[in-house]
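Participant: Full structure from sequences and hints, please.
Note that this note's numbering has the sequence shown beginning at 160, numbered continuously upward.
Simulated from the structure, these hints should not be mistaken for laboratory data. Careful: at least some of the hints might be erroneous.
[What the hints assert, rightly or not] List time: in silico DSBU-like cross-link candidates among lysine-lysine, alpha-carbon distance up to 35 angstroms: (1) Lys232 x Lys361; (2) Lys268 x Lys247; (3) Lys232 x Lys355; (4) Lys251 x Lys268; (5) Lys268 x Lys255; (6) Lys247 x Lys327; (7) Lys251 x Lys232; (8) Lys361 x Lys268; (9) Lys232 x Lys255; (10) Lys247 x Lys232; (11) Lys268 x Lys327.
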Amino acid sequence: RDPRLAPKGAVFGTPEYMAPEQARGEDAQASSDLYALGILFYEMVTGRLPFRSSDRDELLEMQRTAPAPDPRKLRPELPEGARAIILKLLEKDSAKRFRDGHHLLEELKSVQRALPSTPWDLRMSEAPVGPPPPPPAPTPGVVEWSRRAANFLRATARAYPNGRAPEKVQQSADRMWELAARASRLEGELASHSRKLEAIEKRGRALRAEIGRKVE
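Facilitator: Set out below in structure tokens:
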């Protein structure tokens, strides 16, 4: 910066991506670019900036003093290695950031090698991540019992056309139909939950792939 063009301590630049030393009016360094890269990484992973304010002075103060937020609070599935890289890039003390871009690249490669060849496991369970099971086929028993209940009701109506079937016979018919209807509803709910689970798994796979591409 030419000192003839601006007074000492003047702050120039985009405050959302400005390193703490720049926010203090100091000259930008190589580590300042790494800090800005850390903000970009955070934004790519979480979809939002780590420091946000509509007031420029407040935003600059946050860049100078506010601790970097943990990206895992917004993306719990983020691998620990990727989280550590982002937080190291966002260190307020420039000496605590990566020494240079080469060291950052080596750390990124190390994290990439630790990931499986497919999008990483969310580690929510010990079971390997795979395609979701298909929705269960309609249970033959439900269909069969519904048919039997309908046949029983028709037989009862034919045997007692005046509608005066014995109480126990009528109770049995009503109970059979009630159970068949309940089983049918449960089957429908199960199919609905299976579809929802499949949709969640699909979004999870897409999210893992997206984060994997961005880290890569």
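Participant: Going back to the hint list, which numbers does this structure go against?
Facilitator: The structure breaks hints 6, 11; every other hint is satisfied.
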